[in-house]
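Numbering (this note's numbering), first residue to last: 1 to 74.
Simulated from the structure, these hints should not be mistaken for laboratory data. This one's a predicted model, so the numbers in the text were calculated from it and none came from an experiment. It cannot be assumed that every hint is accurate.
[Said to hold, decoys possible] Simulated DEER-style distance windows between Cβ atoms:
1) VAL26 <-> LEU62: 31 to 41 Å
2) VAL17 <-> LEU50: 13 to 23 Å
3) TRP42 <-> THR22: 18 to 28 Å
4) VAL60 <-> THR25: 11 to 21 Å
5) VAL58 <-> THR25: 41 to 51 Å
6) ALA56 <-> TRP9: 42 to 52 Å
7) ARG74 <-> TRP42: 44 to 54 Å
8) MET44 <-> ARG73: 17 to 27 Å
9) CYS40 <-> ASP68: 13 to 23 Å
No residue lacks a Cβ here, since even glycine has one placed at the ideal position from N, Cα and C.
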Amino acid sequence: MTNGSHDSWLMAAAMAVATLLTALTVVAINVVFVHWLLSCSWIMASAVSLLVLAIAAVAVPLAIMMIDTWRDRR
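Build the full structure now, drawing on both the sequences and the hints.
This is the structure we're talking about:
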């Protein structure tokens, strides 16, 4: 294994860890916000926040694709 490929694997691992930590931080902040906003239990806040994030994970790329398609037609 060359040093270059070792560095690229190390960079990929670091990026994966950073992405995971960012995602967990977003989920944690969202759970705390939903718990505060709705004054519900932590389990319900977790379920609602994960549902909202799942909808956003589907809706945002779809919206971007729809905007791109709309721009291409013009």
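Each hint, compared with the structure:
1. Checking the proposed 31 to 41 Å range against VAL26 and LEU62 shows it is violated: the Cβ atoms sit about 20 Å from each other.
2. Checked against the hint of 13 to 23 Å, the pair VAL17 and LEU50 passes, with Cβ atoms roughly 21 Å apart.
3. Look at TRP42 against THR22: about 22 Å separates their beta carbons, and that is inside 18 to 28 Å.
4. Checked against the hint of 11 to 21 Å, the C-beta distance between VAL60 and THR25 comes to roughly 18 Å, which is consistent with it.
5. Checked against the hint of 41 to 51 Å, the pair VAL58 and THR25 fails, with Cβ atoms roughly 21 Å apart.
6. Separated by about 31 Å at the C-beta atoms, ALA56 and TRP9 break the suggested range of 42 to 52 Å.
7. A hinted range of 44 to 54 Å for the beta carbons of ARG74 and TRP42 is consistent with their spacing of about 47 Å.
8. For the hinted restraint 17 to 27 Å between MET44 and ARG73, the CB-CB distance of approximately 43 Å leaves it violated.
9. For the hinted restraint 13 to 23 Å between CYS40 and ASP68, the CB-CB distance of approximately 38 Å leaves it violated.
In the structure shown, a violation is registered for the earlier hints numbered 1, 5, 6, 8, 9, in ascending order.
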